[in-house]
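> Listed here are the chains, written in short residue letters.
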Amino acid sequence: MLEIKDLKVSVEGKQILKGLNLTVNKGEVHAIMGPNGSGKSTLASVIAGKEDYTVDGGSITFNGKDMLELSADERAKEGMFLAFQYPVEIPGVSTINFLKTAIAEIRQYRGLPPMEAKDFLKTMREKQKLVEIEANLTGRSVNEGFSGGEKKRNEIFQMAMLEPSMAILDETDSGLDIDALRIVATGVNKLRTKDNAFVVITHYQRLLEYIVPDFVHVLYKGRIVKSGTRELALELEGKGYDWIKKEFSEIEA
Amino acid sequence: MELATAKTNSTRRVPTQAEIDKNTTILNKWLGEAETRLGSANPFAKDTQLVAEEHFAHVGLPDRKAEDYKYTHIRTYLQEDYTAKAFAANILPSEIESLLNDDFISIVVVNGKYVTEYSRLNKLPQQVTVQSLYKALQQGNEVAIKNFNRALHKSKNPLAMLNTALAGDGIFINVPETFLCPVPIHIVNICTGDTKALHNPRSLVYLHENAELTLIESYHSIKQTEKNFTNSVTEFYIEDNASLENYILQDEDALSQRNDVRQFIVNRDSRLNSVIISLDGGMVRNDPTVLIEGENSEAHLNGLFIVKENGHIDNHTMVEHRVPNCFSNELYKGVISDNAEGVFNGKILVYRDAQKTNAYQSNKNILLGDKAVINTKPQLEIYADDVRCTHGTSTGMLNEEALFYMRSRGLNEKLAKNILLQAFAKEVSNTIKNEAFRAFIEQKIEENIQ
Ligand SMILES: Nc1ncnc2c1ncn2[C@@H]1O[C@H](COP(=O)(O)OP(=O)(O)OP(=O)(O)O)[C@@H](O)[C@H]1O
Ligand SMILES: [Mg+2]
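Read top to bottom, the protein sequences are chains S and Y.
First residue of the first sequence? That's 0 in numbering that gives the first Met the number 0, and the numbers climb one at a time after it.
First residue of the second sequence? That's 0 in numbering that gives the first Met the number 0, and the numbers climb one at a time after it.
Possibly wrong hints are sitting among the right ones.
Unchecked claim - Stretch-level coverage of chain Y by chain S, calculated; a stretch enters the list once three of its residues show a Cβ under 8 Å from a Cβ in chain S:
no., region
1, 106–114
2, 300–314
What the hints assert, rightly or not - Simulated pairs of lysine-lysine, DSS-like, Cα-Cα distance not exceeding 30 Å:
no., chain 1, residue 1, chain 2, residue 2
3, S, LYS49, Y, LYS355
4, Y, LYS425, S, LYS117
5, Y, LYS307, S, LYS117
6, S, LYS49, Y, LYS376
7, S, LYS117, Y, LYS376
8, Y, LYS425, Y, LYS376
9, Y, LYS443, Y, LYS307
10, Y, LYS413, S, LYS64
11, Y, LYS376, S, LYS99
Hint data in this document are derived by calculation from the structure and do not stem from the laboratory.
Each residue gets a CB set at the ideal place from its N, CA and C atoms; glycine is no exception.
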């Protein structure tokens, strides 16, 4: 479904991703862990189509399409979704209207007829329930004045509404209280199907107890330096990153 | 801060005789062209016009050194060859049909003149007077006679003086005591013509004690093939415990140049809400002045200006707190693109006696493109010590983070930009209380942002 090959990305002349490879098949959940500043959010942003980054080499293919040729909105229309590490506030634009517009655009791109107003409302209610987000939040301007946790929950709500085939969750767990974490994770699990896929970026093994990954990768200094199963996350929780760093510097040397 | 009462204008240099002669020559040319003036309707008005002629001869049109016109050089827009002669307008009812709203009382004004045949007064309550100011003065209407130029007689505004000297007609509205006008009055102003014309419409709106009125004014161009300059003045008197909602849409074409002076006298326990939406026009200069003269009053000044291409919109606002315990709040927002230029120069003046004043001012602008320009100059002049006054201004591009966020959810760049701009504009359009007009304005804004 998603195939990233030898991806090299820089920003303002500084190389951040240094030849990254990752393959995600449908039905899979991948977790990406790694120390601060290793390039996780950069990877997520580049996949979503942020133009501040320069792709110096490599490729990103999504369902056979060259993602690097597509604009950010086209990637979303192709079924890609990014839950932001730092969701943006958009004063004056209500979440409802924002989602209505997004859904209309996505459906039009896919050649589907517009969604009926009553179907939209029905879906809204269902998905609100799914992530247990209060209706008054979705009536307000997107993320404006939301608490950190509310913003994260709103990301998952939007994901549920847009039904992407692939979602990247960038530290959606940070800032969530214990109950919210469980709610969000349960929501994600309910949205899992054999046809979609998730990439979950996290620092904590705790989230992976709820959203059980098929693979765990360690991103360090712009490369995936280690991949394994969920046991790797447990190992990292216990031992930290020092051993990875050491192993890596040995390889580099 | 030793001033007892504040002086609003820096002292002007005494003009030389040569300058007075030159100003007089221009004025005399225009006076000669203007056939009927308000003075011929009434001797008091005539005296007022003579005084204004004298004053204008001394000040003339503002030049490049005039601080109040720093960013709008009037003389590049209004030149001697513009004629003050009124000429017959050639507008068909079908051409204005779409501008009239059947839910309002519609007053049609073409090139500053009230056209009764096109107006629709069937919803006008008999208590409310709406007529030509000329007629009101001619018929000896006390309110019109007593108040003509009263709000401006100390004003140093040179264009207001020019208007007072030249004005031939305009609209007179009188809402009697305790009457709450249930239907908005909508003045539909149309500019038209193939002559470089100078229009000087003059209007007067009077709300007596406890009265209420929603006055909508919209400005349009129809079949306009040559530049013109409209130099309009409207005086508003809001008596004790009265309330005025005044909404303006400026939607003229690039050949239109407009200097809009509006002077509001706000009395005790009263309320003013002024909303000015400027969407187009070659040059627009908005010059609202609010004089708060009675305690416990509130004044709201809201403005939105969307300037494109080679447009120029200058908002020059003044709020004078002359008495204690009043509130004023001002919000002006601009979207400037292409080679356009926007100006915000807002002043709050608090007199020494105006204790417990709450006065707020905010100006926010979005620049689209490298060539777009905004000049913003907030001014606070406070002579009282127990007041709460703040002002703030911000100018920036569209928020890139927000744009990416929206695009990542499937909105293309253009759509995302439009939505952000509409949200930006909504803060101002939301201050329009009349739902029908607000919806109309939001539709207009949407079209303009495309
Ligand atoms: N726009 C930018 N300009 C300059 N440097 C940037 C920019 N974006 C990212 N970087 C740098 O790239 C590196 C990787 O950042 P990134 O946000 O991808 O890290 P991360 O792995 O997500 O970290 P964290 O775990 O703290 O979220 C950092 O050193 C960061 O400072
Ligand atoms: Mg990050």
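> Within the assertion that chain S covers the region 300–314 of chain Y, do at least three residues meet a Cβ-to-Cβ distance smaller than 8 Å?
violated (count 0)
> Compare the distance between the alpha carbons of Y/LYS307 and S/LYS117 with 30 Å, and conclude whether the hinted pair is satisfied.
Violated, at about 39 Å.
> Could you grab the alpha-carbon distance between Y/LYS443 and Y/LYS307 and see if it respects the 30 Å cut-off?
With a Cα-Cα distance of about 15 Å, the restraint between Y/LYS443 and Y/LYS307 holds, given a limit of 30 Å.
> If you draw a straight line from the CA of S/LYS117 to the CA of Y/LYS376, is it 30 Å or shorter?
49 Å, violated
> Regarding the pair Y/LYS376 and S/LYS99, is the alpha-carbon distance no greater than 30 Å?
40 Å, violated
> Three or more residues of the region 106–114 of chain Y near chain S by CB distance under 8 Å?
Contact hint for the region 106–114 of chain Y vs chain S: violated, 0 residues under 8 Å.
> Mind checking the alpha carbons of Y/LYS425 and S/LYS117 for me, to see if they're no more than 30 Å apart?
The given pair, whose Cα atoms are some 26 Å apart, holds under the 30 Å limit.
> Below or equal to 30 Å on CA atoms is what counts here, so check S/LYS49 against Y/LYS355.
Violated - the C-alpha atoms of Y/LYS355 and S/LYS49 are around 51 Å apart, more than 30 Å.
> Compare the distance between the alpha carbons of Y/LYS413 and S/LYS64 with 30 Å, and conclude whether the hinted pair is satisfied.
24 Å, holds
> Against the 30 Å threshold, does the CA-CA distance of S/LYS49 and Y/LYS376 hold or violate the hint?
36 Å, violated
> Taking 30 Å as the top limit, are the C-alpha atoms of Y/LYS425 and Y/LYS376 close enough?
23 Å, holds
Consistency with the previously given hints fails for numbers 1, 2, 3, 5, 6, 7, 11, ordered from lowest to highest.
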